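Given chain A's structure and the hints, the job is docking chain B onto it.
Respectively, the protein sequence lines represent chains A and B.
Residues in the first sequence are numbered from 1 upward in steps of one, following my numbering.
Residues in the second sequence are numbered from 1 upward in steps of one, following my numbering.
No wet-lab data here; the hints were simulated from the structure.
Incorrect hints may have been included.
Treat identical chains as interchangeable: a pair holds within one or across any two.
[To be verified] Dumping the calculated DSS-like pairs for lysine-lysine here, alpha-carbon to alpha-carbon at most 25 Å:
1) K265 <-> K18
2) K188 <-> K14
3) K18 <-> K225
4) K14 <-> K348
5) K265 <-> K14
Keep in mind the model is a prediction, meaning the values are calculated, not measured.
Protein chains: 2
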Amino acid sequence: MITDHRVYKNLAQKNNNKIVLLVMDGLGGMPLHVNGLTELESAYTPNLDRLAGEGSSGRSIPIRPGITPGSGPAHLSLFSYDPIQFEIGRGVLEALGIGFDLSHEDLAARGNFATVDANGLISDRRAGRIPTEECIRLCEKLQAETSLAAEGYETFVLPVKEHRFALIIRGAGLGGQLTETDPLVTGKAPLPVTDESGTTEGAHSADLVNKWVAQARSVLADEPKANSLNLRGLARDPGLPRFPDIYQMRAAAIAVYPMYKGVAKLVGMNVIEFDGDRPHHEFEALAREWDNYDFFFIHIKKTDSYGEDGNFDAKVHEIEAVDAALPQLLALNPSVLIVTGDHSTPAKLRSHSYHPVPTLFWGEDVMPDSVATFGERAAEGGAMSVFHATEMIPWAMGYAGRLARFGA
Amino acid sequence: MITDHRVYKNLAQKNNNKIVLLVMDGLGGMPLHVNGLTELESAYTPNLDRLAGEGSSGRSIPIRPGITPGSGPAHLSLFSYDPIQFEIGRGVLEALGIGFDLSHEDLAARGNFATVDANGLISDRRAGRIPTEECIRLCEKLQAETSLAAEGYETFVLPVKEHRFALIIRGAGLGGQLTETDPLVTGKAPLPVTDESGTTEGAHSADLVNKWVAQARSVLADEPKANSLNLRGLARDPGLPRFPDIYQMRAAAIAVYPMYKGVAKLVGMNVIEFDGDRPHHEFEALAREWDNYDFFFIHIKKTDSYGEDGNFDAKVHEIEAVDAALPQLLALNPSVLIVTGDHSTPAKLRSHSYHPVPTLFWGEDVMPDSVATFGERAAEGGAMSVFHATEMIPWAMGYAGRLARFGA
Numbered sequence: 001m002i003t004d005h006r007v008y009k010n011l012a013q014k015n016n017n018k019i020v021l022l023v024m025d026g027l028g029g030m031p032l033h034v035n036g037l038t039e040l041e042s043a044y045t046p047n048l049d050r051l052a053g054e055g056s057s058g059r060s061i062p063i064r065p066g067i068t069p070g071s072g073p074a075h076l077s078l079f080s081y082d083p084i085q086f087e088i089g090r091g092v093l094e095a096l097g098i099g100f101d102l103s104h105e106d107l108a109a110r111g112n113f114a115t116v117d118a119n120g121l122i123s124d125r126r127a128g129r130i131p132t133e134e135c136i137r138l139c140e141k142l143q144a145e146t147s148l149a150a151e152g153y154e155t156f157v158l159p160v161k162e163h164r165f166a167l168i169i170r171g172a173g174l175g176g177q178l179t180e181t182d183p184l185v186t187g188k189a190p191l192p193v194t195d196e197s198g199t200t201e202g203a204h205s206a207d208l209v210n211k212w213v214a215q216a217r218s219v220l221a222d223e224p225k226a227n228s229l230n231l232r233g234l235a236r237d238p239g240l241p242r243f244p245d246i247y248q249m250r251a252a253a254i255a256v257y258p259m260y261k262g263v264a265k266l267v268g269m270n271v272i273e274f275d276g277d278r279p280h281h282e283f284e285a286l287a288r289e290w291d292n293y294d295f296f297f298i299h300i301k302k303t304d305s306y307g308e309d310g311n312f313d314a315k316v317h318e319i320e321a322v323d324a325a326l327p328q329l330l331a332l333n334p335s336v337l338i339v340t341g342d343h344s345t346p347a348k349l350r351s352h353s354y355h356p357v358p359t360l361f362w363g364e365d366v367m368p369d370s371v372a373t374f375g376e377r378a379a380e381g382g383a384m385s386v387f388h389a390t391e392m393i394p395w396a397m398g399y400a401g402r403l404a405r406f407g408a
Numbered sequence: 001m002i003t004d005h006r007v008y009k010n011l012a013q014k015n016n017n018k019i020v021l022l023v024m025d026g027l028g029g030m031p032l033h034v035n036g037l038t039e040l041e042s043a044y045t046p047n048l049d050r051l052a053g054e055g056s057s058g059r060s061i062p063i064r065p066g067i068t069p070g071s072g073p074a075h076l077s078l079f080s081y082d083p084i085q086f087e088i089g090r091g092v093l094e095a096l097g098i099g100f101d102l103s104h105e106d107l108a109a110r111g112n113f114a115t116v117d118a119n120g121l122i123s124d125r126r127a128g129r130i131p132t133e134e135c136i137r138l139c140e141k142l143q144a145e146t147s148l149a150a151e152g153y154e155t156f157v158l159p160v161k162e163h164r165f166a167l168i169i170r171g172a173g174l175g176g177q178l179t180e181t182d183p184l185v186t187g188k189a190p191l192p193v194t195d196e197s198g199t200t201e202g203a204h205s206a207d208l209v210n211k212w213v214a215q216a217r218s219v220l221a222d223e224p225k226a227n228s229l230n231l232r233g234l235a236r237d238p239g240l241p242r243f244p245d246i247y248q249m250r251a252a253a254i255a256v257y258p259m260y261k262g263v264a265k266l267v268g269m270n271v272i273e274f275d276g277d278r279p280h281h282e283f284e285a286l287a288r289e290w291d292n293y294d295f296f297f298i299h300i301k302k303t304d305s306y307g308e309d310g311n312f313d314a315k316v317h318e319i320e321a322v323d324a325a326l327p328q329l330l331a332l333n334p335s336v337l338i339v340t341g342d343h344s345t346p347a348k349l350r351s352h353s354y355h356p357v358p359t360l361f362w363g364e365d366v367m368p369d370s371v372a373t374f375g376e377r378a379a380e381g382g383a384m385s386v387f388h389a390t391e392m393i394p395w396a397m398g399y400a401g402r403l404a405r406f407g408a
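Pulled out of the complex, with its shape left as it was, chain A reads as follows:
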C-alpha cells in the first residue's frame, strides 16, 4: 500500500521511543549464478542475522513493480513520500547532491558543458567529458563573468563532476514549468527555455534563464571543448510536507554524501555533521546526538558504489563492516531499528535495479517471525512479505507506540 500522510499525521503521538532507519545503499543483490548466493547472503553478518532472528523480515518495493529507482526518489520513498506523487526536479537533486543550501525560492538547474561546431550545432553533448578540474575552472569563470544582478537576482554556478554542473538562481517570483535546452541529440542547435505553465512566474523565469544562458555561452565561446552548455531539469524545491510535522518526531540524518543529506533536508530533517566516512564514524555521531532526536536516518554509501562497479566481494565486505560496527548502535537501545536499502544494486548487473530490497524490523514489539538470517531469500518467508517502501516509517511508528488508536 502506498502511504497516505493524512492518515498518519492525525494519529502521530510523541513518546520517548527512538527509531533508527539504517540504509545500506543498493543493499539488494543477486547471485552471480543460478545456484549461488547474493552479496548479503555471502556476507558474514552475525549481528544482522541475530536481529533477523529476533525481528520481522520482508522485501520492499521502492517505486512500483519493475521500476529501477534513482537515489533521490528511492530515499523519498524510504521517508514515506511516494515518488510518483511527490516529483522533484533534477536541478534540485543536483544542487542537493553537491551540498548546496537550497532555499525554497531558488530555481535550480542541472547543467552540462557541451561542444558546438562553427554553425552552433551540438557536436558533443558532454564536451568530451572534460576532467572535473576543468569543470571547476569553468564554473569559477562563469560565476565571475555572468550575472543577473541587473534583474535583481543572484546566481550560483557550481561544479559537480566532469561535464556536469549546477546553476541556482536566487530571488523572488521564480517558478513555472520550464523546458530544457538540450535537444538530446548531436547535430542540432540548443533549444531556448520556454514555460509550459502559462504563469507570470514561468514566463519571467524562462526569460531570465535565457538571458543567463546567452551570457554564459558568450563567456565560453573561446573554450576548446566546453564552448557551450545546456540546462536541464529546471525546478524549485517542491515544498514537501515536513517529516517532523507528519510524524511528530525530531528527525536527524547521518550521511557522508551530499545527495542523501540533501534529500533528508528536503523533508525537514536536520543534518548532523561529523568527521570520518566509515560506518563506525556514523554510529559515533549517532551516539553523540542520541538524546537530541527521536528519529535517525543513517546512510551507508559504499554498498551501492561497489555494486555499480560490479565488485561483488567488496560489496560483501562493506556489508560485513556495517555488521561489525552494529554493536555500537545496538548499545544505544533503539526501540525500533530498520535495516534496509533504498534499492537493489546487484554486482551482477553493475547498476541499480528494480528487485525488491531485503529489509528487517527489530525491536521489543516487533513480531519475531520464522526467519533466522538476513538475506534476500530468507526474507521471502518473513512476516513483512513484499511491501511498498513508503510503509516502512508507518510500521516503525506502530512498533514504537507512536500512533494513537484509530477509532474508539
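Just chain B now, with coordinates in the frame of chain A:
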C-alpha cells in the same frame, strides 16, 4: 498494487529482449480432498519445475480478493488493464467471443431469446434454453427479416449458444449509456432501451435499438418458445489505450479460441493465424513469428475446459502436454517467460474461481527464489508473494531491461 499505465508509458524503452506470457486458462486448482494435491501439483512437469527452481514464483489476484473473473476481465488484467477501471460491455465481449471482427464504431449487445405470455409478460427469460441449432435458425431468420438499412445502419445477428446471441449495429454516430431491456424477473414486460448519457448519440442509439427490437419481436411472434428477446450490455469497444503504445513493444497473440484473440485485439495486439489447436502448434507459430514481435501472449484453453467439466485428470494431462512441448518455446531463448493462468478453475468446483493463480517468472535477471517446483503451495513461499495480476507485465518489463530508471 494496481498498475497505472501513465507511470510505465513514460519509462518504457525499446531493446531486443523478448517477453513471452504463457497463459494456461484456469490453471489454478484445488485438491479434491483436504490432504490431496491440486491439478498442477499432480502433473508431471519437469520443465516447469526447473523454471520455477531457476526463477521467481508467486500467486496473482485477477480482479480483487474473493472475486471470480470472467475470461474477458481476467485477460485484461493479465495485459495490465485493471478490469475495475477499464469496463468492457458484455455485448462487446460476446461479439469478441464468437470471433466477430468488431470495429470501433460498432454498437454491440448481448441478446437472450425469451418467452412472453399472451399479455406480453416474460414467462421464461431463457426461452426454455432452446438448443443451439434453434438459436442458429432464429438468428438467420432475424438477419434476413430485420433491418435498419432505412436509417443507414447495418445489423448483424449472430448465434452464441442455446438462448444467447449477439447483435451488432454498424454505422456512424452510435454511443451513449444504454439501459437493458431485461427486467431480470419473470411476470414483467420487457423494458424499452433508454439512454443515460444525455448525449445526442445516446438518444439516437436508444431509438435505433428500440426500432430493431420491435421488428425482431414481430418476426419472432409465432415461435413456440423463443417468441421474444431481450438485449443486455449495449456498448461500443471502449477504445482502450494500446498495449504496444504503453510498453513500446510489438505485441502478438497466439490463441485458438475467438474470445482470447478478441481481447488481445482490443488492446492492440496482432493476432497470429496458424493451423492446429494443440500447445505444440501454438509454439510452432511462436517460432515462426519470433523475429517479428517483442511480446507474445500464448493462450492454452483446455486446462479451463477440463476444470469446468470437473475432469481433474484431463486437466492434469493438459498441463503435462504444455510442459512436454515447452522445450520448443525455451529453444527460442526468451529473455523473460511468465507462466500463469487468467484465473483458477478447480475441477473440484467445476467453475472459474477467485483463488490466486500460481505464476512463475523466469529469465536471466529474475531472482532465483527458494521455490523448487511449480504449484499452488510451492508458490506460497516464492519471491513474488501474492500480487495483483496487472503487475505481471510491469515486472516482466523490468526483468527485460525495458524500463528506464526513475529519477536521477
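Here is how each hint holds up against the structure:
Taking the shortest alpha-carbon separations for K265 and K18, only the intra-copy value of 20 Å comes in at or below 25 Å, while the best inter-copy value is 42 Å. Taking the closest pair of Cα atoms, K188 and K14 come within 25 Å of each other only across two copies (23 Å); inside a single copy the shortest separation is 57 Å, beyond that limit. With identical chains, the CA atoms of K18 and K225 are never at most 25 Å apart, being 53 Å at best within one copy and 41 Å at best between copies. For a Cα distance limit of 25 Å, the shortest separation of K14 from K348 across copies, 22 Å, qualifies, whereas the shortest one inside one copy, 44 Å, does not.
Taking the shortest alpha-carbon separations for K265 and K14, only the intra-copy value of 21 Å comes in at or below 25 Å, while the best inter-copy value is 36 Å.
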